[in-house]
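Asker: Protein chains in written order, with the numbering used here: chain V, 2 to 294; chain D, 2 to 294.
These are calculated hints, taken from the structure and not from any lab test.
It is possible that part of the hints are untrue.
The list makes no distinction among identical chains, and a pair is therefore deemed to hold if it is satisfied within one copy or across any two copies.
Dumping the calculated SDA-like pairs for lysine to any residue here, alpha-carbon to alpha-carbon at most 20 Å [what the hints assert, rightly or not]: (1) Lys91 - Phe105; (2) Lys134 - Lys228; (3) Lys228 - Ala265; (4) Lys158 - Glu196; (5) Lys158 - Glu141; (6) Lys158 - Cys240; (7) Lys185 - Glu284; (8) Lys134 - Arg197; (9) Lys234 - Arg272; (10) Lys25 - His251; (11) Lys269 - Met167; (12) Lys181 - Ile247; (13) Lys269 - Gln254; (14) Lys185 - Phe287; (15) Lys134 - Arg195; (16) Lys103 - Ala84; (17) Lys134 - Glu196; (18) Lys269 - Asp166; (19) Lys158 - Arg195; (20) Lys256 - Ala291.
Number of protein chains: 2
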Amino acid sequence: MRVVPRTPLEDYNLLRRTFGRDVKGSANLALIGDSFRGSLAFLSALNREPLISQVAGKTYFAFSDGAKLSRAVNAALFSDDIAQWTAFEKAINRRNSRQGLKGFNANRLTRLIYSVAISFCCYIDLIHKGDQKTPGTFFEFLISHLFAWRLDVNPVKSIQVLNLDMETYLPTDFIFDLGKERPKFHLPVKTSTRERVIQVWAHQRVLDGVFGTARFLGTPVILTETKTDSVRKIVTEICLPAQWRIYQMHIAQLKRIYYLDMPAAYEKLNRVFPPLHIRPFGEFFFEAEALSV
Amino acid sequence: MRVVPRTPLEDYNLLRRTFGRDVKGSANLALIGDSFRGSLAFLSALNREPLISQVAGKTYFAFSDGAKLSRAVNAALFSDDIAQWTAFEKAINRRNSRQGLKGFNANRLTRLIYSVAISFCCYIDLIHKGDQKTPGTFFEFLISHLFAWRLDVNPVKSIQVLNLDMETYLPTDFIFDLGKERPKFHLPVKTSTRERVIQVWAHQRVLDGVFGTARFLGTPVILTETKTDSVRKIVTEICLPAQWRIYQMHIAQLKRIYYLDMPAAYEKLNRVFPPLHIRPFGEFFFEAEALSV
Chain V
2 MRVVPRTPLE DYNLLRRTFG RDVKGSANLA LIGDSFRGSL AFLSALNREP LISQVAGKTY
62 FAFSDGAKLS RAVNAALFSD DIAQWTAFEK AINRRNSRQG LKGFNANRLT RLIYSVAISF
122 CCYIDLIHKG DQKTPGTFFE FLISHLFAWR LDVNPVKSIQ VLNLDMETYL PTDFIFDLGK
182 ERPKFHLPVK TSTRERVIQV WAHQRVLDGV FGTARFLGTP VILTETKTDS VRKIVTEICL
242 PAQWRIYQMH IAQLKRIYYL DMPAAYEKLN RVFPPLHIRP FGEFFFEAEA LSV
Chain D
2 MRVVPRTPLE DYNLLRRTFG RDVKGSANLA LIGDSFRGSL AFLSALNREP LISQVAGKTY
62 FAFSDGAKLS RAVNAALFSD DIAQWTAFEK AINRRNSRQG LKGFNANRLT RLIYSVAISF
122 CCYIDLIHKG DQKTPGTFFE FLISHLFAWR LDVNPVKSIQ VLNLDMETYL PTDFIFDLGK
182 ERPKFHLPVK TSTRERVIQV WAHQRVLDGV FGTARFLGTP VILTETKTDS VRKIVTEICL
242 PAQWRIYQMH IAQLKRIYYL DMPAAYEKLN RVFPPLHIRP FGEFFFEAEA LSV
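Take the sequences, apply the hints, and build the full model.
Answerer: Rendered as structure tokens:
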């Protein structure tokens with residue numbers, strides 16, 4: 002038994018060293034859980050400062066530590082109920098749980114995973130002002146672990162290209178290979194995208210071009226598209242739905258775009274023709290088989 | 002006559018306010034010249050600290066101001082001879098000079114434009130540590146002005162898409178429209194690219210998809226791909242030639258990629274099949290017509 006618990010940053014540094022040994026393994030889940038507990042403990046001592054939300058139907062606050070302010074937190078999605086995590090760990094460790102996390106539905110999973118991600122991000126915002134890399138890497142650990150657990154296969158981050166006289170390794174986002182004559186998942190993970198999102202479609206285009214259309218299912222997972230003006234304390238969502246439609250028509254086809262905090266402007270793209278399929282990330286756990294056939 | 006000359010940063014701020022009025026106009030050239038003179042004057046008082054170059058055949062130094070160090074400067078390309086600029090301004094203002102800048106060749110132009118860009122970048126490195134945006138925007142002013150002057154047309158930065166029931170404006174890099182049944186140039190401008198370069202091919206793909214292949218000539222202009230380890234004072238070039246070939250085969254075709262400080266690893270791509278056409282930027286001034294037919 003540990004005498005002094007690790008801080009969430011120490012959990013993160015341990016993840017950095019050990020994560021790749023077995024991405025889907027339970028050791029990673031345990032470390033993610035530790036960091037969630039530690040982040041909640043850190044945040045519980047702080048004030049929740051209301052922000053002015055310019056996002057219709059959503060309420061945001063920030064954790065404040067004196068003059069320092071965290072990023073925006075969606076009040077309806079965030080829960081500091083650690084019992085949710087304990088139940089999740091228990092459900093995951095149950096036999097055959099991959100096809101149905103007992104007691105969980107998509108909404109409950111989306112809220113829990115959002116809370117794990119955003120609590121660590123806010124903790125880092127307050128202890129390392131301006132550090133975007135640590136929250137981004139933690140979010141990659143969280144999502145790629147859950148994806149790997151759900152698909153029961155570990156990812157790779159580069160792929161061999163053999164093309165006539167060319168032979169090279171192409172660095173990629175996470176690739177999950179389900180085996181011969183089954184789909185491969187192409188998983189980019191971003192805390193937010195803005196105008197950089199075109200990279201996701203471009204990488205999908207390269208995979209389609211090199212290996213053939215529809216062999217890789219592009220399923221990016223994004224945390225949020227909020228932007229906070231920390232002086233005026235105003236939260237907005239930066240969305241480019243018309244551009245997304247053009248990318249989907251002219252660069253490549255993404256199979257799903259998953260969000261933890263789904264922007265309303267993108268949610269609407271599910272209901273225009275041709276649709277983009279934009280879903281809360283919790284739904285992935287219940288549709289992974291349906292995507293794979 | 003001005004009593005107190007503006008600082009290069011004041012020249013830049015004036016450019017920000019007035020640049021768009023007439024991108025190709027001589028007022029912009031004059032302000033760029035003022036900032037070059039001011040940057041050279043600022044740098045002339047500083048030490049040139051040799052860097053350890055891990056780039057074969059290239060020597061780099063940095064300007065140092067006490068403990069502060071500028072970005073790497075290619076010693077063979079940099080010249081603080083302001084007479085070069087004076088001659089350039091004179092050549093530009095000569096009648097019919099667009100088809101032949103008298104007394105200038107591609108190498109001399111590449112060195113001069115490199116010197117204008119890098120001297121302003123080093124000035125900002127030393128007065129605003131960590132500011133990447135100001136050098137990037139200045140470089141956009143410099144290159145888009147010269148491009149506009151050479152093509153004798155001002156650029157736009159967004160383009161209307163009409164596609165069945167869709168109607169939207171797509172934000173773009175600089176687009177130069179030479180008119181009906183003539184090419185349009187698509188000009189991305191970057192101080193360096195690294196892994197973000199895939200965006201350039203992706204934007205070209207969108208233009209090809211929306212308007213038809215080969216209607217837009219993609220001609221990005223890039224300053225350098227050097228990276229400096231400021232503690233160990235080592236300069237390297239970050240190049241991904243195998244990936245560039247895959248992008249050119251599978252995303253879209255770029256017509257030219259121009260560099261001010263051309264990386265050797267990319268220069269070689271001119272001589273493999275299928276080639277990528279990677280040239281020193283000075284060559285653009287002599288091949289603009291050949292590209293346009």
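Asker: Against each hint, give a clear statement of whether it holds in the structure.
Answerer: Taking the hints in turn, this is what the structure says about them:
1. Lys91 - Phe105: within (11 Å within a copy, 74 Å between copies)
2. Lys134 - Lys228: both (17 Å within a copy, 19 Å between copies)
3. Lys228 - Ala265: within (15 Å within a copy, 40 Å between copies)
4. Lys158 - Glu196: For Lys158 and Glu196, the Cα distance is within 20 Å only across copies (14 Å; inside one copy 23 Å).
5. Lys158 - Glu141: Within one copy only: 12 Å inside a chain, 34 Å across chains, cut-off 20 Å.
6. Lys158 - Cys240: between (28 Å within a copy, 19 Å between copies)
7. Lys185 - Glu284: Classified as within: same-chain Cα gap 19 Å, cross-chain 44 Å, threshold 20 Å.
8. Lys134 - Arg197: both (16 Å within a copy, 16 Å between copies)
9. Lys234 - Arg272: Answer is neither; intra-copy 32 Å and inter-copy 55 Å both fail.
10. Lys25 - His251: neither (34 Å within a copy, 32 Å between copies)
11. Lys269 - Met167: This pair counts as between: shortest inter-copy Cα distance 15 Å, intra-copy 42 Å.
12. Lys181 - Ile247: Classified as neither: same-chain Cα gap 32 Å, cross-chain 24 Å, threshold 20 Å.
13. Lys269 - Gln254: within (18 Å within a copy, 33 Å between copies)
14. Lys185 - Phe287: within (18 Å within a copy, 48 Å between copies)
15. Lys134 - Arg195: both (16 Å within a copy, 17 Å between copies)
16. Lys103 - Ala84: within (15 Å within a copy, 77 Å between copies)
17. Lys134 - Glu196: Both: 18 Å inside a chain and 16 Å across chains, each within 20 Å.
18. Lys269 - Asp166: between (45 Å within a copy, 16 Å between copies)
19. Lys158 - Arg195: between (23 Å within a copy, 18 Å between copies)
20. Lys256 - Ala291: within (12 Å within a copy, 42 Å between copies)
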